[in-house]
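With chain Y fixed as given, assemble chains G and R onto it according to the hints.
Residue numbers (this note's numbering), protein chains in the order written: chain Y, 87 to 309; chain G, 434 to 701; chain R, 469 to 684.
Quick caveat, the hints were computed from the structure, so don't treat them as lab data. Note that CB positions come from ideal geometry on N, CA and C, so glycine has one too. Among the hints, a few may not be true.
Unchecked claim - Here are the computed lysine to aspartate or glutamate pairs in the EDC-like style, where the Cα-Cα straight-line distance is at most 20 Å:
| # | chain 1 | residue 1 | chain 2 | residue 2 |
| --- | --- | --- | --- | --- |
| 1 | R | K552 | G | E524 |
| 2 | G | K599 | Y | E96 |
| 3 | G | K553 | G | E687 |
| 4 | G | K476 | G | D538 |
Stated by the list, open to error - Facing chain R, according to a computed beta carbon distance under 10 Å, are these residues of chain G, among others:
| # | residue |
| --- | --- |
| 5 | E618 |
| 6 | T621 |
| 7 | D645 |
Spelled out from the first residue to the last, the chains are:
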Amino acid sequence: MFIHFSVLTEHLDRYLIGLGGTVAASVISLIASFILGAIIAVFRITPVKPLQWIGTAYVEFFRNIPLMLIAFFVLVGLPLLTGAVLVPFVSGLTALTVYTSAFIAEAIRAGIQAVPKGQMEAARSSGLTYIQAMRHVIIPQAVKLVIPPLGNQFLNLVKNSSIFTILSASDLMYQADLINSDTFDTFSTYIFAALFYLILTIPLSFGIRHLEQRSQNVKGVEA
Amino acid sequence: MKRWSKVIGISLAVALFVSALSGCVKQASEDEGTIAKIKKQGKVIAGVKYDLNLFGLKDPATGQVQGLDIDIAKQVAKKVLGDENAIEFMEVTSKTRIPMLKNGDIDMIVATMTISEERKKEIDFSDVYFTAGQSLLVPADSPLNSIKDLTKDSKVLTAKGSTSAKNVREAAPDAQILEFENYAEAFTALKAGQGSALTTDNALLYGMAQQDNNFRVLDETFTEEPYGIGIRKGDKEFAELLNDTLKELKDSGEYAQIYEKWIGKKPI
Amino acid sequence: MDFIGALSPVNMQFLLNGFLITIEVALISIAISFIISVLVGTVRYAKVPVLGKLFAIMVETIRNLPLLLIIFFTYFALPEIGIKLDKFTAAVIALVIFESAMISEIVRGGLNSVEKGLIEAGRSSGLTAMQTLRHIVLPIALRRMVPPMVSQFISLLKDTSLAVVIALPELMNHVQIINGHNINYVIPTFLFAALLYFAINYLLSIASRKLENKHS
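Chain Y extracted, bound-state conformation:
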C-alpha cells in the first residue's frame, strides 16, 4: 500500500554498503571501547587516589552527556582544538568509543567488585602479588559477570552507530538518507532501513537474553 519494493530492489547495493558500515562501526567500536573501558576500570579500582579520580570523572562525565554532543564535538571542536581533521568514519568511531567505554568501564568495575573481597585477601596472603591475584583469581570470575552487560553494550552500539549519519560517515542510516534524496519515498526507504537494523539486532538481543539466563542460572546454583 505505502511500501514500494522497488526502493529495496533498486538500491540494495547501497543498503548493503550501509549494513557493512554499521557492522564495521559496531565491531570496531566494541573492541576499542572494551580496551579503553578496561583501562578506566583499572583506574577506578586501583589504590592510587589520583587515578581513581580520573577514572571516576571519565565515567561520570561521559555517561551523563549525550552521544550527539560528543559526535558534534569530534566533528567541529576537535579540529579547532588540535588541528586534527579525522576521516568521517574515524570521527564516528571516536565518538562511539569515548561514549561506550564509560559504560563498559562501569560494567567491568561492577564485575570485579562483585567478586568477594575475601578472595583477594586469601590470594594475597598465599603469596600472590596484587597483579597476580587480579589475573589469576579475580578477573576470571569477573569475566563471567561482565559478558552479559557487554552484550547489551554491543546491541546499543549497533543502534547508536546511527549517529554516523550526522557526521556524513557511511552507515545504514547515512545510506538510507542518500537513498531518500534520490527516491523521495521516505516511508519505504526507512521501513527497509529498519528491517536491515532488525536483521542485526534481533538475533543479537536473543543471544544476550540467552547469556543472561545462563549466568543467572550459574549464580543460582552457586547460591
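Okay, now just chains G and R, sitting in the frame of chain Y:
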C-alpha cells in the same frame, strides 16, 4: 515476512492513533483575481522566507524581515496600492509555499523559487527577477577558482535531500561529497576544516560569505536557477502587472541598487 | 576561543531556552512512557492472551531499532501517509514509542523478580489474582524498578538531543545555531551545554542511588 507485517502493523496502529489527534485542513477557494483581492484587503500578502540571509531573513530583535525578495515584494505593493508598506509578510518554506498560494493564504510567492516546468503545472510565474546557480563557497585563501579545480582529494560539503549533491557529482565526478543534515552544519564543518568547499545555490552562499569574510563565493556557476514570483494559475492580469513592475525597476536602475545592496556587487 | 562572546547574556538565554525545551520534551515523554510501560509490562507479565503476544512483538521490534530512525520516520515519513506532526509532537511521539518499549521491559523484569511465595501467600489469604497484583506484586516490583528506571530516564533526557535532526529547538539545536554564528564560540558553547546535560543527569543518578540505598 512475519516481522514485516509486524512493522506495518505497528506503523498503522501509530498512524490511526495520531490521525485521530490531528486537526482538519483549511480550505479556501478564490474566484476573483489577485489584484481585486489585494485591493479589497488593502494590502499585499507575500509569502517569503524568514531564514535566508540576503533574501528573506527575520531579525529576531526588531521583528522585521529583510532581503532582496522583500524589497522586490515591496515594489509590487507600491505598484498596486501606491504604498510600498501596504504589505504583510508570511513565512513560507519550500514545502509550504505552493499549497499556501493555492489556498489563498498568500497572494504571491517571493521566496527564492526557481521557475521549473514541473512547478508551472501547479502555478504561474512572473519573469525572472534573479538568476541564481549552484556554485562553491571556499576559504578566502583557497587555490580553487573553478569547479574544474576539484580533484579526488577535494572534499565538497553539502546538505542531504538537496539536488546540490547530484549536480556537483555530475560536474566534478572525482570529488568526495560529504552530505550533512543541513547547510548550517555543513558550513560549521567547513569552518572547522572538514572540507575544501561547500556547494549549493549561490544565493545561499553569498549569505554565508557575508556572515564570515574568511570565505568567498566563486563567480562561476555550474547550474542555472532563474527565480520568479509565483502566482495562482491563470491570473494573467496579475502576471502582466508583475512583469511591468520588474521591467520598470530594471529600466530605472532601482533593480541594480537593490541587487547591489544585498549581493555586494552589480548585476551581471 | 571566545568565552565572553560565546556566553554573552543573549546567548546564555538562548541556550537556556533550548535546555527548557529539552526538559519539557523529556518530562512529557517520561510521564506518558511510564503509564504505557506499566500497562504493557503488566499485560506481558500476566500473559494476557493475544494482547500479551502482540505487545511482545511490538516491544521486541521497537527496542531493537535506533531511536534516531524512529524520530526521522515520525517526522519525515508519516506525512507521506497523511499524518503531519509538528516537530515537538513528532519528537515526543518518537521518544514515547521507543522509551515505552525499553521501560516496559524494566517493568516486566521487576514484576518477575517478585518471589512466587508472596503471590501464593496473597492468593491463599483470599485475594483475587487482580488484588494480589495490585496490592502485593506491583508495590514491591515498582520499588525494585527505581534504579533501572531512573537510568532509563537519564537515557531519555540525553536522547532528546537526537531530535536535532528534525531541528527541534532544543539545547543541541541551539548549540549548533550559536556555533554557526562564530567559529570561536564552538568550544565554550559545547562546554556549557555539556555542563547543563551533566548537571541534571548527575543529580538524577545521585537521587537514584540515594533511593536505592534507602530501600536495600
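Okay, the hints, checked on the actual structure:
1. Proximity of R:K552 to G:E524 is assessed by CA-CA distance (about 18 Å); at most 20 Å being required, the pair is judged to hold.
2. Between G:K599 and Y:E96, the direct Cα distance comes to roughly 17 Å. Compliance with the 20 Å bound is thereby established for this hinted pair.
3. Between G:K553 and G:E687, the direct Cα distance comes to roughly 28 Å. Violation of the 20 Å bound is thereby established for this hinted pair.
4. Taking the CA atoms of G:K476 and G:D538, the gap is near 13 Å; set against the 20 Å cutoff, the hint holds.
5. For G:E618, the interface hint holds, the least distance from its beta-carbon to any beta-carbon of chain R being 6 Å, beneath 10 Å.
6. For G:T621, the interface hint holds, since its Cβ comes within 10 Å of a Cβ in chain R; the closest pair sits about 5 Å apart.
7. Look at G:D645: its Cβ gets to within about 8 Å of chain R, closer than 10 Å, so that hint holds up.
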